[in-house]
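Could you put the whole structure together from the sequences, leaning on the hints where they help?
These are the residues of each chain, in order.
Number of protein chains: 2
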Amino acid sequence: MDAKTLCLGALMHRDASGYEIRKLFEDGPFNAIHDVSFGSIYPCLTALLEREWATCCITEQDGRPDKKVYSITDAGRSAFLEAISTTPAPDKMRSEMLFILSFGDHLSRGHVVSLVDRYIDEYEQHLAAMQEYGAPEDFAPVHRFIHEFCATIYQTAVDYLKQHRAELTTLPETEDEITRPLKAVGDGR
Amino acid sequence: MDAKTLCLGALMHRDASGYEIRKLFEDGPFNAIHDVSFGSIYPCLTALLEREWATCCITEQDGRPDKKVYSITDAGRSAFLEAISTTPAPDKMRSEMLFILSFGDHLSRGHVVSLVDRYIDEYEQHLAAMQEYGAPEDFAPVHRFIHEFCATIYQTAVDYLKQHRAELTTLPETEDEITRPLKAVGDGR
DNA sequence: CCTGAAATATATCAGTCCGATATAACGGCG
DNA sequence: CGCCGTTATATCGGACTGATATATTTCAGG
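The listed protein sequences derive, respectively, from chains A and B. If you're matching positions, the first sequence starts at 79 in my numbering and goes up one per residue. If you're matching positions, the second sequence starts at 79 in my numbering and goes up one per residue.
Hints in this document: simulated from the structure, not taken from any laboratory. Possibly wrong hints are sitting among the right ones.
Where chains are identical, the list cannot tell them apart; a pair therefore holds if satisfied intra-copy or between any two copies.
Simulated crosslink set (DMTMM-like; lysine to aspartate or glutamate; CA at most 25 angstroms straight-line) [claimed, not checked]:
# : residue 1 : residue 2
1 : K145      : D195
2 : K146      : E174
3 : K240      : E215
4 : K170      : E104
Structure below.
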């Protein structure tokens with residue numbers, strides 16, 4: 079998914095500045111779904127203006143720096159709808175935590191447990207942020223569907239980690255030794 | 079997480095060629111956890127040789143192209159352990175599907191439902207691939223922990239989608255109309 | 001038996017994206 | 001009054017992805 083499409087998506091909901099678009103992906107409705115950085119957003123907004131998919135209006139604020147508020151145009155709306163009518167790419171999960179944890183045999187028991195605790199923290203903060211964001215009853219049906227979907231998964235993750243954390247504390251303390259190799263895949267001969 | 083670290087991680091488990099490392103992330107033990115592409119792997123393996131973090135041995139095979147099988151060195155093992163002793167970055171989820179689905183109000187009801195069906199399919203294939211990969215009883219404790227964690231989450235996702243799919247089919251068919259904007263975050267004035 | 005698709009295998013590269021950094025103005029706090 | 005955190009825009013090097021090229025072999029189907 080193109081960063082331009084992500085920006086257009088944000089502007090479909092409301093007029094916003096680059097900073098606000100970032101917030102939408104960091105803490106807002108797209109929080110659990112996708113991400114996009116400043117390094118992409120600002121060049122994209124310029125590109126959107128060039129293509130006339132958005133217009134820009136500089137807003138002076140009292141006590142804050144000036145804002146460039148962008149609005150999507152009809153052409154932008156068409157381009158967005160066109161862009162999201164393709165088959166979506168499969169979900170991409172990137173978890174450094176699970177990757178590192180999978181080498182738990184090479185880490186001290188204490189370290190592994192502290193990693194899991196940090197992981198629980200991370201997901202609980204996610205959940206708290208989602209609850210703060212709003213009550214599902216107020217959402218449109220599709221948004222409620224997605225909101226509950228993410229909340230359910232996060233809750234499941236937290237529950238699993240809390241329940242099975244103990245299993246790791248009872249593990250025998252290991253030296254840095256190589257355990258049996260993981261089964262090979264795509265080597266089926 | 080550096081692509082070099084990801085490659086070293088793969089080589090921690092077993093000697094492997096670039097192609098096999100890819101498989102490890104595509105279908106294997108890292109399947110649900112992280113990803114890395116050929117475009118990163120091959121340059122990384124060259125870099126690993128330069129740093130003497132891995133050695134390479136060209137293997138002739140009958141009925142297949144030659145393979146360059148890489149092995150991690152002691153220096154490589156140290157570098158890897160060093161690399162994974164940093165605080166892991168938070169999980170990064172990128173779901174084009176959920177992003178598109180969140181604009182369901184602008185899509186036809188039929189399209190939305192077909193997207194959800196495709197989504198269910200995706201996660202069921204994940205689950206099937208994991209089951210095929212091996213029985214949790216055979217895994218070391220840490221690997222079982224992670225395996226079950228991923229399986230539990232995938233199962234939860236599938237269950238939720240199947241249970242709530244119906245809600246979307248009973249939605250009133252909408253024209254391409256703008257629904258109420260999502261609540262702003264970080265705009266608290 | 002021949003063709004073409006799929007799998008195995010390595011490699012490169014253009015374009016894109018991220019993360020860090022720079023800049024700046026303001027509020028609040030001790 | 002200096003310092004930190006927040007709001008706000010912008011840029012840039014380096015890293016990564018996705019597509020593409022190349023080559024060989026197996027296997028299903030006509």
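For each hint, the structure was consulted:
1. For the identical chains of this complex, K145 and D195 are neighbours neither inside a copy (40 angstroms) nor across copies (41 angstroms), given an alpha-carbon limit of 25 angstroms.
2. Taking identical chains as interchangeable, the C-alpha atoms of K146 and E174 are never at most 25 angstroms apart, the minima being 35 angstroms within one chain and 27 angstroms between chains.
3. In this assembly of identical chains, the alpha carbons of K240 and E215 lie at most 25 angstroms apart only when taken from different copies (21 angstroms versus 29 angstroms within one copy).
4. Proximity of K170 and E104 under a CA criterion of 25 angstroms is satisfied in both settings, with 17 angstroms inside one chain copy and 11 angstroms between copies.
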